[in-house]
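Student: Assemble chains B and C onto chain A, guided by the hints.
Just so you know, the sequences run in chain order A, B and C.
Quick note, the first sequence lines up with residues 1 to 297 if you use our numbering.
Quick note, the second sequence lines up with residues 1 to 348 if you use our numbering.
Quick note, the third sequence lines up with residues 1 to 312 if you use our numbering.
Note that these hints are calculated values from the structure, not bench results.
Glycine is no exception: its CB is placed at the ideal position from the N, C-alpha and C atoms.
Among the hints, a few may not be true.
Here are some of the chain A residues that sit facing chain C, going by a computed Cβ distance under 8 Å [said to hold, decoys possible]:
1) Leu131
2) Asp134
3) Ser138
4) Glu180
5) Asn184
6) Ala227
7) Met237
8) Ser255
9) Leu273
Which stretches of chain A does chain B cover? Using the computed rule of at least three CB atoms under 8 Å from a CB of chain B, they are [unchecked claim]:
10) 37-48
11) 203-211
Residues of chain C placed beyond 10 Å of chain B at every Cβ, according to the derived structure [claimed, not checked]:
12) Trp2
13) Pro96
14) Glu220
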Amino acid sequence: MMSVEAIRPEANDATAVGAFRTFWGQFRKNRLGMLGAVLVVLIAAIAIFAPLIVTHDPIRIMVGPRLAAPSLDFLLGTDQLGRDTFSRTILGSRIPLFVAFASLGSSLAVGLVLGLIAGFGPRWLDNLLLLFFDTIRSFPSIIFALALIALLGPSLASVILVIAITSMPIYARVVRTQTEGLRNSEYIAAERSMGAGTTRILAVHILPNVLGPLVILVSMDVPAVIAVEAGLSFLGMGVRPPTPDWGAILNDGYSYIDQTPWLVFAGGVPIVLATLGFTFLGEALREIFDPKLRKDL
Amino acid sequence: MSALLRVEDLLVRFRTMGPLKALATGTRAPFIDAVCGVSFEIRKGETLALVGESGSGKSTIARTIIGLQRAVSGSISFDGQEIEELTGAERKPYLRRMAMMFQDPVGSLSPRLTVRSLLTEPFRIHGLKDRDAEGEAERLLRMVGLSAEFARRYPHQLSGGQARRVGIARALALSPDLLIADEPTAGLDVSVQGEVLNLLARLQNELGMAILIITHNLNVVRHMTDRMAIMYLGRFIEVGSTERIFDQPRHPYTEALLAANPEPDPDAVLNRIELKGEVPSLMRRPSGCEFHTRCRYAQDICSRIFPEPSTSPDDPEHSFRCHFPIQREVISGFGRPHHTSFGTSDGD
Amino acid sequence: MWLYFAKRTILAVAIIAVAVTLLFLMIMAVPGDPAVVMLGPRATPEMKALLHQQMGLDKPLVVQIVTFFGGLLHGNLGFDVFSQRPVADIVFEQLPFTLELILISILWAVVIAVPLGCYSAVRRNSLVDQVAGVVTVATIAIPSFVMAVYALLIFAVTLRWLPAIGAGNGLWDGLIHLILPAFAIGIGWVGYISRLVRASMLEVLGENHIRMASSFGISEWRIVARYALPLAILPTVTILGVGIAWLLSSAVFIEVVFARPGIGALIVNAVNTRNYPIVMGVVLVTTFLIVAATTLSDVVNALLDPRTREKL
Numbered sequence: 001m002m003s004v005e006a007i008r009p010e011a012n013d014a015t016a017v018g019a020f021r022t023f024w025g026q027f028r029k030n031r032l033g034m035l036g037a038v039l040v041v042l043i044a045a046i047a048i049f050a051p052l053i054v055t056h057d058p059i060r061i062m063v064g065p066r067l068a069a070p071s072l073d074f075l076l077g078t079d080q081l082g083r084d085t086f087s088r089t090i091l092g093s094r095i096p097l098f099v100a101f102a103s104l105g106s107s108l109a110v111g112l113v114l115g116l117i118a119g120f121g122p123r124w125l126d127n128l129l130l131l132f133f134d135t136i137r138s139f140p141s142i143i144f145a146l147a148l149i150a151l152l153g154p155s156l157a158s159v160i161l162v163i164a165i166t167s168m169p170i171y172a173r174v175v176r177t178q179t180e181g182l183r184n185s186e187y188i189a190a191e192r193s194m195g196a197g198t199t200r201i202l203a204v205h206i207l208p209n210v211l212g213p214l215v216i217l218v219s220m221d222v223p224a225v226i227a228v229e230a231g232l233s234f235l236g237m238g239v240r241p242p243t244p245d246w247g248a249i250l251n252d253g254y255s256y257i258d259q260t261p262w263l264v265f266a267g268g269v270p271i272v273l274a275t276l277g278f279t280f281l282g283e284a285l286r287e288i289f290d291p292k293l294r295k296d297l
Numbered sequence: 001m002s003a004l005l006r007v008e009d010l011l012v013r014f015r016t017m018g019p020l021k022a023l024a025t026g027t028r029a030p031f032i033d034a035v036c037g038v039s040f041e042i043r044k045g046e047t048l049a050l051v052g053e054s055g056s057g058k059s060t061i062a063r064t065i066i067g068l069q070r071a072v073s074g075s076i077s078f079d080g081q082e083i084e085e086l087t088g089a090e091r092k093p094y095l096r097r098m099a100m101m102f103q104d105p106v107g108s109l110s111p112r113l114t115v116r117s118l119l120t121e122p123f124r125i126h127g128l129k130d131r132d133a134e135g136e137a138e139r140l141l142r143m144v145g146l147s148a149e150f151a152r153r154y155p156h157q158l159s160g161g162q163a164r165r166v167g168i169a170r171a172l173a174l175s176p177d178l179l180i181a182d183e184p185t186a187g188l189d190v191s192v193q194g195e196v197l198n199l200l201a202r203l204q205n206e207l208g209m210a211i212l213i214i215t216h217n218l219n220v221v222r223h224m225t226d227r228m229a230i231m232y233l234g235r236f237i238e239v240g241s242t243e244r245i246f247d248q249p250r251h252p253y254t255e256a257l258l259a260a261n262p263e264p265d266p267d268a269v270l271n272r273i274e275l276k277g278e279v280p281s282l283m284r285r286p287s288g289c290e291f292h293t294r295c296r297y298a299q300d301i302c303s304r305i306f307p308e309p310s311t312s313p314d315d316p317e318h319s320f321r322c323h324f325p326i327q328r329e330v331i332s333g334f335g336r337p338h339h340t341s342f343g344t345s346d347g348d
Numbered sequence: 001m002w003l004y005f006a007k008r009t010i011l012a013v014a015i016i017a018v019a020v021t022l023l024f025l026m027i028m029a030v031p032g033d034p035a036v037v038m039l040g041p042r043a044t045p046e047m048k049a050l051l052h053q054q055m056g057l058d059k060p061l062v063v064q065i066v067t068f069f070g071g072l073l074h075g076n077l078g079f080d081v082f083s084q085r086p087v088a089d090i091v092f093e094q095l096p097f098t099l100e101l102i103l104i105s106i107l108w109a110v111v112i113a114v115p116l117g118c119y120s121a122v123r124r125n126s127l128v129d130q131v132a133g134v135v136t137v138a139t140i141a142i143p144s145f146v147m148a149v150y151a152l153l154i155f156a157v158t159l160r161w162l163p164a165i166g167a168g169n170g171l172w173d174g175l176i177h178l179i180l181p182a183f184a185i186g187i188g189w190v191g192y193i194s195r196l197v198r199a200s201m202l203e204v205l206g207e208n209h210i211r212m213a214s215s216f217g218i219s220e221w222r223i224v225a226r227y228a229l230p231l232a233i234l235p236t237v238t239i240l241g242v243g244i245a246w247l248l249s250s251a252v253f254i255e256v257v258f259a260r261p262g263i264g265a266l267i268v269n270a271v272n273t274r275n276y277p278i279v280m281g282v283v284l285v286t287t288f289l290i291v292a293a294t295t296l297s298d299v300v301n302a303l304l305d306p307r308t309r310e311k312l
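So that you can see chain A by itself, here it is in the shape it has in the complex (with noise of 0.2 Å):
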């Protein structure tokens, strides 16, 4: 009860805010999350500006020789066919955003839908999706996403959708709890007995209130999507080459990895300073919000 309180837009304050104010007071007492909201900041804003950051052509062939160590003009280096690590690295910021930012969404929204139907409809249809659900998590997620690709082609494309399936049944599963308890509530029945449909119930009086946990819950989740992300490129199932991505810098890094560590450091440092940032703003947001979040899945 107390994480829908919080959530609450007019809990504290009636006015939005004078919300944030109330949020933001707890936050910054948050070291790790304070952290991890200026490592966030910093990656979105690289990778919004990327084009201006970069100093050569991320793609061009032989800018600089073979596998160089970092000097004023290649500051992190060469990578085996003599591109520039640094533009790659930067514009490299992009992909995993981009993946987490699609992927997500989409199993968000899905998952709320495939939620509503199994916590409101009739008890068969929730049983046969609590079937379904508990299915694709029985998949080992990269077994199965490998599968996929192996099914459709490495591209992003693929990443992408296999993220989205995987990630869905957990949010289902929350928000199908949620609108299970709520569908009992009183308010739900006075709603009903003034004659007002399904769609109107499922749209402004359950809705609204499994939003707010489900949108931490998939922020929690964002690192595991980076991490996904890296590890299928890193694999070279996941973005076509020439594309920089760091997953796939941290495998060319890999494959020279007796001949210069500097690939392994332009492509590994930037995954775990994006997965630690996330995290760390993950579980300040959650702390705050809702600390029990994760017990009832």
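Tutor: Just chains B and C now, with coordinates in the frame of chain A:
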């Protein structure tokens, strides 16, 4: 007076376990009859009370009338039209003419809507877009004695009494012919209870709707209602005019309820009554008269034969189910009331 | 309890059935002729026809699914496109390597994490607790393959302390080869388990009978070890069942990074060569593993905690 709502032989059944568990535990009837063959009617503009301990099925009757619960059998007709079978769009025109207030004053208001949205929701649900929402909200607030500034508040910013007033305003937004009020005074301070009841009485005077009050607060019954029905284990055991029943209860259960209710204290509720024994489980109804396990007048026959309804000779509106109904004038020499109408039935 | 057990088993079987059907439909939903995709553009019509017949592609979909299920019940997962060996043989040949890796990883993680979690709970807000709090969140967040590449770079390439690739020969050599991979997989679990133990330990320590024991003057660590730990470790035991899905996912990356044998390496290789029967075989076997593990952990959970039996 013609009947606005007529309920006949209503049977509502709840499942108590899944089919698998029933099979595993060998339960032959995995359900309970929460409402078990109830018949009554409410006339236009009249107030009827359903009285009984919690679990006696009174709220279930209300929920079945409004369509939140399906009946297994029986009929509910509203203004001469059978409505039990209707669902969705077919039911909607009737829902416009009846309204229900739920027990929890705050909890029955959608938490993320402002009072204004809550009050104008009935218009939106029934597609009355031509009404001026702003004006209607203000009118309704004024009607229940709240200032216009409440329109901007959210349910959790209201006190119980204020929320109850909003609930009343919302229920009466479309001027229904029938208002069902489930424990309208539950969770309210004693002084606020009085205000709410006065408000309801005043609005009934002005708008002329019939009210079905569900309560275990006998003072509400006494001061608000024309007729009352006492429920026990999903059945009516006594029905009649409020005045008459308070004056001459015939069923021993009614007698016990009334006896336990000290007159002027409006806070007294049935929960305090000391009847001997526990309320029997609906899963294992007693044989014969279902009240015999707790009845101080119980005889042999009571545990064997289920009593049919009988009526008072002097008031055909007053009926009850008892082998040994209480007589006002106890003939001396008998230690207890003697039976009057054993075996007779008014066939209603 | 038996009712719960029966329900849970039925659910597990249903999940497997739905999973197999979904996977099968997934293969069929791929645009184009699977035989052409598998054999490449230079395949002769005879080769295609033969493969069609082998895979039963010329029959109706329902028959294919039924045949597929029938085969599964006999342990038949199809045949490797290249070597024509049974898929089941190949998968079960590689599975022990992966299970060994997973087991060792989780083992060392538990050995480190449980004492750490206990200490953090008992000395709450101490320096160790606070540092551990930050470090554990961090280790959970860092992807295992990044960890693996850095471990490889530092200990194998730069310092040359440990072997970089392969599974080694013999027991001792094998264990040496397991150090880095098991480190990369287990480190995240150290964080995860220690946080879990800390949380449940705090809960248990707050309970009455524990406080009672301490009022009898029994020493703090004795209480932790004898009374609190057995209770506090329960959530960890049950989470491990669910954790196998995670572990399998990390194993895929780790096996590739350290060029180890195992089903992870097997499926990555199979995906690259479009060897569909192997891909599907690995998915089926691992799905089965996961369903078995989660069912088992749910049942254990129900045995330990009656409240969970009510839900399903």
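Student: All hints, please: hold or fail.
Tutor: So, going through the hints one by one against the coordinates:
no.	hint	verdict
1	Leu131	holds, 6 Å
2	Asp134	holds, 5 Å
3	Ser138	holds, 5 Å
4	Glu180	violated, 11 Å
5	Asn184	violated, 16 Å
6	Ala227	holds, 4 Å
7	Met237	holds, 7 Å
8	Ser255	violated, 11 Å
9	Leu273	violated, 10 Å
10	37-48	violated (count 0)
11	203-211	holds (count 4)
12	Trp2	violated, 8 Å
13	Pro96	holds, 39 Å
14	Glu220	holds, 44 Å
The structure fails hints 4, 5, 8, 9, 10, 12 (numbered hints given earlier, in ascending order).
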